[in-house]
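Visitor: From first to last, the protein sequence lines are chains A and B.
Its first residue numbered 1, the first sequence is counted upward by one per residue in the working numbering.
Its first residue numbered 1, the second sequence is counted upward by one per residue in the working numbering.
Hints listed in this document are in silico derivations from the structure and should not be mistaken for laboratory results.
Be aware that a few hints might be false.
[Claimed, not checked] No farther apart than 30 Å at their CA atoms in a straight line, the calculated lysine-lysine pairs in the BS3-like style are these:
id	chain 1	residue 1	chain 2	residue 2
1	B	K72	B	K21
2	B	K301	B	K262
3	A	K280	B	K140
4	A	K280	B	K262
[As the list claims (entries may be wrong)] If you want the ones that stay clear, here's a sample from chain B, every Cβ over 12 Å from chain A, calculated:
id	residue
5	K72
6	Q73
7	R109
8	L132
9	Q185
10	G236
11	Y275
12	R281
13	I285
By construction, the Cβ of each residue, glycine as well, lies at the ideal position given by its N, Cα and C atoms.
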Amino acid sequence: MAVYKHSYQRYGGELTAIWSRFLILPRYAFQEVFRSKFLIALLVGSYVCPVVYALIIYLHHNLTALRILNTNPAFLVAIDKHFFYMFLQIQAGVGFLLSALVGPGLISPDLANNALPLYLSRPFSRVEYVLGKMSVLIILLSAITWVPGLLLLLLQSNLEGGSWFVSNLRIAGALCLGSWIWILFLSLFSLTLSAWVKWRFVAGALLFGLLSFVEGMGAAINNIFDTNAGYLINLSEVMRTVWSSLFALQGNGRIALDDAWRSLLAFCVICLLMLSRKVKAYEVVK
Amino acid sequence: MDPVIQLDHLSVNFGTRPILKRLTAELSGRAIGLLGPNGAGKTTLIHTLLGFHPSVEGTARICGMDIRRNAKQVRTLIGYMPENDSFIARMTAVRFLRLMAELSGLPPREAMERAHEALFYVGLGEARYRELGTYSQGMKQLAKLAQAIVHGPRILFLDEPTNGLDPPARQRLLRLIREIRDGGQVHLILSSHLLHDVEECCEEVLILKEGQIRVYCNLEEERRANRKFLELETAGDNNGSFLSALEQAGCQCAVNGSRRIKMVLPQSVEIRDIYHLAADRQIQIRRLHHKRDSLEDIFLKAMEENHGRL
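Could you build all of it, start to finish, from the sequences and the hints given here?
Guide: This is how it looks when you write it as structure tokens:
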């Protein structure tokens with residue numbers, strides 16, 4: 001089908017590996033994301049906390065710098081599991097903001113423009129489509145949560161000595177697992193909203209609104225029925241419980257760990273069911 | 001010629017409602033028209049072959065591959081131009097086509113090359129850097145065709161390709177489809193309710209009605225067959241006994257309106273016999289003329305089978 005030949009020619013060249021094709025979607029999506037200067041600024045801004053944390057770790061091990069700053073090392077935050085737990089909480093909050101801005105624009109334009117039949121008429125499945133779209137958020141959120149977290153951990157191990165890393169190996173696991181749980185949930189939740197709400201700004205606002213609404217509803221349930229069951233639909237409470245257990249910290253005991261896991265699982269299953277209802281080549285109207 | 005598409009008792013339901021009912025056929029033509037009134041199941045058949053709808057019974061094979069077991073391999077062979085607007089409004093045409101080509105498995109470099117080529121081929125070369133949302137209806141149809149051929153498929157499904165086009169744009173698109181067909185590199189399945197479009201582009205037709213195959217024939221062979229076609233118009237509305245007499249004489253009749261009858265005469269029946277039959281029943285023939293077997297005739301006959309009228 002060369003331009004100069006003006007005739008239809010079948011393609012007979014090499015094909016890419018089927019397993020790798022879902023990665024085409026994030027490549028195109030990132031080109032869209034980085035067209036927005038605001039998002040670039042936000043992404044850069046999300047590294048403020050890791051830089052501050054890196055400075056704290058550095059100061060802990062540099063007496064000269066402390067002397068210049070006229071600071072007593074005892075006043076610096078201790079570098080332990082609490083330190084990294086706080087880091088995860090801050091970065092998870094930034095990640096939430098980022099996914100509220102990026103997530104809603106991932107599926108809704110395809111649905112609004114009826115583009116799904118074009119994707120799915122190719123050797124490309126619904127699962128690959130969702131995975132491809134999800135990987136946009138997974139890559140973005142990983143870049144601001146567990147990746148800088150592990151780098152901080154390595155910096156600390158390097159300055160403190162290898163034995164510190166071995167004795168605090170659990171922190172690395174907690175940081176990775178805690179981040180991944182949050183990333184997967186957040187990606188699923190924003191994709192679900194993106195699939196169900198055609199207007200991306202409304203979907204973004206809903207991401208904030210729904211979580212606040214559910215949190216408020218949970219508080220109301222607790223007050224009315226004099227119970228703690230309302231915390232099960234309070235996502236920040238559920239995540240705090242899970243993260244505390246991963247970091248081996250004392251939780252606030254409002255909900256049991258098993259219940260928190262079940263609640264998280266239920267959230268994810270609901271999101272998956274809702275996604276599978278919307279991500280179809282054609283909707284059969286009953 | 002090996003069949004391109006084999007339908008093997010293929011049945012599809014939407015909920016409990018049957019949409020396709022035990023379709024069985026072997027389609028082997030270079031360009032096959034899929035005809036039928038609205039709701040006949042044309043689009044559902046295409047969607048089922050693409051794997052969008054699961055079959056409740058039977059299966060289909062495309063180039064010998066089962067559509068359920070080898071869904072991905074089958075879709076590698078297919079290019080699909082959907083009926084409705086389907087694109088990403090904020091993307092430029094060339095970027096959109098490149099994405100579609102990459103999803104079909106082409107490496108990025110080849111995908112970009114073919115995206116440019118496909119857009120030039122359909123006549124959108126000058127507009128390839130414009131966002132698809134700014135395209136006119138005719139340009140959108142061409143862009144849809146370009147995305148269907150960008151990866152060089154072996155089979156091209158075109159679902160109502162001339163929808164919403166003005167006559168010159170329609171002619172342009174049909175010319176392009178004929179060009180693709182005549183290149184001999186691709187099998188075309190053209191679904192339409194416009195008989196003229198199918199007649200212009202296709203060698204074979206598959207006529208569906210109420211989810212069932214009514215006719216599958218080669219248009220040229222049908223035309224070449226030694227048959228006598230007549231169209232006559234009577235004075236009165238009451239043709240019941242006349243029709244039965246014609247059918248008893250071996251004529252295949254199709255009623256088009258209350259006074260018009262289209263028929264195929266068998267070798268043994270002459271035109272004078274028709275006049276005798278009409279005179280015996282005091283039916284006045286107002287007009288009678290020979291007609292070649294057009295697609296419209298085949299279609300009308302198919303529609304009237306079992307019911308006698310449209």
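Visitor: For every hint, state whether the structure bears it out.
Guide: Structure-based check of each hint:
no. : hint            : result
1   : K72/B - K21/B   : holds (25 Å)
2   : K301/B - K262/B : holds (9 Å)
3   : K280/A - K140/B : holds (22 Å)
4   : K280/A - K262/B : violated (45 Å)
5   : K72             : violated (4 Å)
6   : Q73             : violated (7 Å)
7   : R109            : violated (10 Å)
8   : L132            : violated (8 Å)
9   : Q185            : violated (5 Å)
10  : G236            : holds (45 Å)
11  : Y275            : holds (53 Å)
12  : R281            : holds (49 Å)
13  : I285            : holds (48 Å)
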